[in-house]
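Residue strings, one per chain:
There are 2 protein chains.
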Amino acid sequence: MIAKENIKKIIVNKPLKLDCGKTICDYPLAYETYGKLNEKKDNAILTFHALTGDQFVSGTNPITNKPGWWSHLVGPSKAIDTNKFFVICANVIGGCMGSFGPSNINSKTNKVYGTNFPVITINDMVNAQYNLLEFFKIEKLYSVLGGSMGGMQVLQFVANFPDKTKTAIPIACAASHSAQNIAFNELGRQSIMADSNWKEGNYSNLNLSPDKGLAVARMAAHITYLSKKGLQEKFGRNLQEKDDLNFSFDADFQIESYLRYQGSIFVDRFDANSYLYITRAMDYFDLIKQFKGNLSKAFEKTKTKFFIISFTSDWLYPTSENKEIVIALNSAGANVGFIEITSDKGHDSFLLNVPEFLKTVNNFLESNYK
Amino acid sequence: MIAKENIKKIIVNKPLKLDCGKTICDYPLAYETYGKLNEKKDNAILTFHALTGDQFVSGTNPITNKPGWWSHLVGPSKAIDTNKFFVICANVIGGCMGSFGPSNINSKTNKVYGTNFPVITINDMVNAQYNLLEFFKIEKLYSVLGGSMGGMQVLQFVANFPDKTKTAIPIACAASHSAQNIAFNELGRQSIMADSNWKEGNYSNLNLSPDKGLAVARMAAHITYLSKKGLQEKFGRNLQEKDDLNFSFDADFQIESYLRYQGSIFVDRFDANSYLYITRAMDYFDLIKQFKGNLSKAFEKTKTKFFIISFTSDWLYPTSENKEIVIALNSAGANVGFIEITSDKGHDSFLLNVPEFLKTVNNFLESNYK
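Protein sequence lines, in the order shown, are assigned to chains A and B.
Taking my numbering, the leading residue of the first sequence gets 1332, the next gets one more, and so forth.
Taking my numbering, the leading residue of the second sequence gets 1332, the next gets one more, and so forth.
Heads up, some of the hints might be wrong.
For identical chains, the list gives no copy identity; a pair is met inside one copy or between any two copies.
[What the hints assert, rightly or not] BS3-like cross-link-like pairs, simulated, lysine-lysine; straight-line CA separation at most 30 Å:
| hint | residue 1 | residue 2 |
| --- | --- | --- |
| 1 | Lys1565 | Lys1371 |
| 2 | Lys1565 | Lys1620 |
| 3 | Lys1560 | Lys1654 |
| 4 | Lys1372 | Lys1530 |
| 5 | Lys1620 | Lys1339 |
| 6 | Lys1353 | Lys1634 |
| 7 | Lys1497 | Lys1372 |
| 8 | Lys1628 | Lys1468 |
| 9 | Lys1636 | Lys1654 |
| 10 | Lys1632 | Lys1495 |
| 11 | Lys1654 | Lys1565 |
| 12 | Lys1397 | Lys1367 |
| 13 | Lys1367 | Lys1345 |
| 14 | Lys1560 | Lys1620 |
| 15 | Lys1701 | Lys1372 |
| 16 | Lys1634 | Lys1442 |
| 17 | Lys1573 | Lys1348 |
| 18 | Lys1397 | Lys1345 |
| 19 | Lys1628 | Lys1560 |
| 20 | Lys1371 | Lys1632 |
| 21 | Lys1565 | Lys1628 |
| 22 | Lys1620 | Lys1573 |
| 23 | Lys1573 | Lys1623 |
| 24 | Lys1690 | Lys1497 |
| 25 | Lys1623 | Lys1560 |
| 26 | Lys1623 | Lys1565 |
| 27 | Lys1573 | Lys1628 |
| 28 | Lys1353 | Lys1573 |
Keep in mind the hints are simulated off the structure, nothing from the lab.
Quick caveat: nothing in here was measured; it's all calculated off a predicted structure.
Produce the complete structure using the sequences and hints provided.
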């Protein structure tokens, strides 16, 4: 294990004007890489992480000592083969794994930013990460990919930099956040803000932590990541203890213990204010509005070859919303493939070892390389 | 408006052995009636309310001064015509509208019960309400009906008292609570228990109130009552203020204000501990397990004529779960009708003015009466 201070990062000294109007400069952007950049510099893949993800895609996360979140997909001889490709992933700004975020110290006040941190957007995240291309002197990426909020970043990246990637794989995402998704994110935010330890976001400076509120937010999100059928098959009404009901408010059912556990381990690795900022960025994401109601305009100039992936049981970013992206790309005359993968694992499918998913990503990346 | 002390109630002096093993006696059961019981006493309909409902089905709720929760369905010349039928509804035990619940004073300690109240079940609720038949000297009801948790009570009532009602209408419910539904209820409970004012359920005795936690629980539940499509059509990404995003954590989107409002008004009318107890009763409900895995056994002896109603966009109690009841009734040789009503209003449909729903209830009740 290493300390967070020893995470790889660049300090971006080019000013970035955020969508909120503020400008940031000299901010840290933490990243990790897997594989080697070849001489031609044509084998780089920029991966974008989701809401609670980080830059540790593969191998072992040096902070948590757990496997990287996509370690079954990315690595030597894996679907994204790091013997061939150079995979880069950065922690998003607003995050809490080394990049510029609300848990950073504001050098002007010597205090943790908290909610004095500027509200950021998916566009800001992508623009910040673009600096990695300059840092690695990469003229054009081979691919950009990501699921959920990672997929939104893929879409925004191609819209912002139409000639900077050869291929793109948006997975289980949408071109604008739906009312239901905003509702669930707002639920999580309200849960955090309801915690008496939140202190208007100033908890770190008071040595407090809104763990209970953050755990409830995580529980809410976790339910939405799974499908009704998947939950029923995995947990059903199985009891935690073998005999009978407790007639109390302890965890009687396995699903209850599971959720409590998910909440409790999450607070050890995530910052509550980062949760507020990143969910806000997701809710603000609306590529359709950015292009005045015409999504195909976002991809007008692109030569990027797309492949869109959705999952049958994903009710958070259902196939219908993924298809809207396919339709817009088609309408823009872009090169686009699409697959809906059968899985009962819900939105979580993109993070799991779903063989058809891995094979799809592998086929697309291998067949289009050179 | 009247004070809660002046709500109509009976004091049940017959001991009731609860499923948890404890016995209660001399407990209040608050109720309301609409229409008149005829001389033959064959026109009585017992209505069961859902999680946050109460006995004020029609007219004006004298506590909140708002319309009764089914006032568009129940009343003179309405679908359930109180010129013809005598409609009874009781507040469930565990509730907070006059019936025996955790906000009552324990006469032995002179303190509010809080979590010293016994954990109750749907079976206990139904057995407590059965006393109303004796109170009104009704040999046999004309019908029992209810939606959501009210529908579970309908099923339990017929299972417990197979010859005590001529007809039954379970609406938008299930014979056992699914893992996803348990998960959402657990989320609500954890949110309440995370509130630092909850004080292990002892808040009333300390003049505190876990309003923030209860509001978040209500927000979570509210999202599940609506369909993704319904939310999208009603709110979409409409902004609260007309111009643009605030770049803050205030409510930018209408869906956010709506949820915050729903949370804030709920805490004025509902007790947090009642929310814990009633959701627990819902989660414990498993009529299939009660009958050793064979649901049709629950209806073996019944002569009751059933009509089951589900709604297309209800993802909390989807048609598939309602159909399981139809199949079991069929298998028991019972008389059963079924309709799936098209509505994009989600689980909430059963509480709304959905014309096809009203007509269905009206037709069934009118055609089978004499």
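Cross-check of the supplied hints:
{"no.": "1", "hint": "Lys1565 with Lys1371", "verdict": "neither (47 Å within a copy, 52 Å between copies)"}
{"no.": "2", "hint": "Lys1565 with Lys1620", "verdict": "between (39 Å within a copy, 18 Å between copies)"}
{"no.": "3", "hint": "Lys1560 with Lys1654", "verdict": "both (23 Å within a copy, 16 Å between copies)"}
{"no.": "4", "hint": "Lys1372 with Lys1530", "verdict": "neither (48 Å within a copy, 60 Å between copies)"}
{"no.": "5", "hint": "Lys1620 with Lys1339", "verdict": "neither (35 Å within a copy, 55 Å between copies)"}
{"no.": "6", "hint": "Lys1353 with Lys1634", "verdict": "neither (32 Å within a copy, 72 Å between copies)"}
{"no.": "7", "hint": "Lys1497 with Lys1372", "verdict": "within (12 Å within a copy, 79 Å between copies)"}
{"no.": "8", "hint": "Lys1628 with Lys1468", "verdict": "within (29 Å within a copy, 72 Å between copies)"}
{"no.": "9", "hint": "Lys1636 with Lys1654", "verdict": "within (16 Å within a copy, 45 Å between copies)"}
{"no.": "10", "hint": "Lys1632 with Lys1495", "verdict": "within (11 Å within a copy, 72 Å between copies)"}
{"no.": "11", "hint": "Lys1654 with Lys1565", "verdict": "both (29 Å within a copy, 22 Å between copies)"}
{"no.": "12", "hint": "Lys1397 with Lys1367", "verdict": "within (23 Å within a copy, 68 Å between copies)"}
{"no.": "13", "hint": "Lys1367 with Lys1345", "verdict": "within (26 Å within a copy, 79 Å between copies)"}
{"no.": "14", "hint": "Lys1560 with Lys1620", "verdict": "between (34 Å within a copy, 19 Å between copies)"}
{"no.": "15", "hint": "Lys1701 with Lys1372", "verdict": "within (13 Å within a copy, 85 Å between copies)"}
{"no.": "16", "hint": "Lys1634 with Lys1442", "verdict": "neither (45 Å within a copy, 72 Å between copies)"}
{"no.": "17", "hint": "Lys1573 with Lys1348", "verdict": "between (58 Å within a copy, 24 Å between copies)"}
{"no.": "18", "hint": "Lys1397 with Lys1345", "verdict": "neither (34 Å within a copy, 59 Å between copies)"}
{"no.": "19", "hint": "Lys1628 with Lys1560", "verdict": "between (38 Å within a copy, 26 Å between copies)"}
{"no.": "20", "hint": "Lys1371 with Lys1632", "verdict": "within (25 Å within a copy, 80 Å between copies)"}
{"no.": "21", "hint": "Lys1565 with Lys1628", "verdict": "between (43 Å within a copy, 27 Å between copies)"}
{"no.": "22", "hint": "Lys1620 with Lys1573", "verdict": "between (53 Å within a copy, 14 Å between copies)"}
{"no.": "23", "hint": "Lys1573 with Lys1623", "verdict": "between (57 Å within a copy, 16 Å between copies)"}
{"no.": "24", "hint": "Lys1690 with Lys1497", "verdict": "within (20 Å within a copy, 58 Å between copies)"}
{"no.": "25", "hint": "Lys1623 with Lys1560", "verdict": "between (38 Å within a copy, 23 Å between copies)"}
{"no.": "26", "hint": "Lys1623 with Lys1565", "verdict": "between (43 Å within a copy, 21 Å between copies)"}
{"no.": "27", "hint": "Lys1573 with Lys1628", "verdict": "between (58 Å within a copy, 25 Å between copies)"}
{"no.": "28", "hint": "Lys1353 with Lys1573", "verdict": "between (57 Å within a copy, 22 Å between copies)"}
The structure fails to meet hints 1, 4, 5, 6, 16 and 18 from the earlier list, while all remaining hints are met.
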